[in-house]
Amino acid sequence: MTLSLARHLAPALLALALAAPAVAQDMPTVMPNDYVLSDILNRQRVDAAIGSGGGAAQPARPKARPSAPEPAATTYRASAAVSARVRRDFAGWMGEVAGAEGGRRIAEVLSRSDPVKSWAGIVGSDGLRPGDLADAMAGYWILNWVMANGADSNREDAQAVREQVRRMIAASPGFSRLGNAERQEMAEVLMLNFLIQHAAYTDAMARGDRDTAARLGEAAVGRFQTEMGVDLRRLHLTNAGFVRG
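Taken in order, the sequence shown gives residues -24 to -1, 1 to 221; the numbers are from mature numbering (1 follows the signal peptide of the UniProt record, and there is no 0).
Among these hints, one or two may not hold up.
Stated by the list, open to error - Here are the in silico distance ranges between beta carbons for each label pair: (1) Arg153 / Asp128: 32 to 42 Å; (2) Ser87 / Ala54: 14 to 24 Å; (3) Glu203 / Ala157: 21 to 31 Å; (4) Ser152 / Ala182: 34 to 44 Å; (5) Gln20 / Gly184: 38 to 48 Å; (6) Asp15 / Ala57: 21 to 31 Å; (7) Gly221 / Arg80: 40 to 50 Å; (8) Asp90 / Ala182: 16 to 26 Å; (9) Gly126 / Arg153: 31 to 41 Å.
I should point out that these hints are in silico values taken from the structure, not numbers from a laboratory. Only a predicted model underlies this, so the values are computations on that prediction, with no experimental measurement involved. The beta carbon of each residue, even a glycine, is placed where N, CA and C say it ideally should be.
Construct the complete structure from the given sequences, taking the supplied hints into account.
Written out as structure tokens, the structure is:
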């Protein structure tokens, strides 16, 4: 399955969508050590990674592209203890913004399911895999672009965005200071953000609720404008990655 919207949700994802659908319309990107995310995904690095498409919706892939850093630069070894802490902390944060009942329901879903496996099941056919922060960040960015534009993506697009993201991460002094556990934490929190937003959007689309889908798209635009200085609606997703129109 690509990032195209499924007609039916797995029960665990549906539970996430129902636990806090209104929160998904307004939630910022929940991240540990947010200053690190802001350092990696700041306007300067985004500008360096995203070229201009000259207004073309699908520009041709450049003949020569900068070589990407080795995958090891963004990979991590997953620890069950880190995963458990991430899920506990995420449920606690959601309890603060969604209310005690919403937080409780999210904690329940996360306790009986494997969110990393759920994430991998959604993005796996796009070639995105757990164990690499670049993959988690690429999936999250593409999902928000899809919501903002009511569009879709394919495997070639996703692979190109992953390489763009990897270059941004490798250029970040803040990321280079992170240990293995912190890299895993960042990746898995991005996956949880992805799952909440994906579940809410997919549920809205499956029900034909265009108003909710539109609000989720507006939230995506606001999130990326505030956190990265990026206007998702001025980006085209192509087989060369994101380009400005």
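> What are the numbers of the hints the structure violates, in ascending order?
Replying inline: As far as the earlier hints go, not one is violated by this structure.
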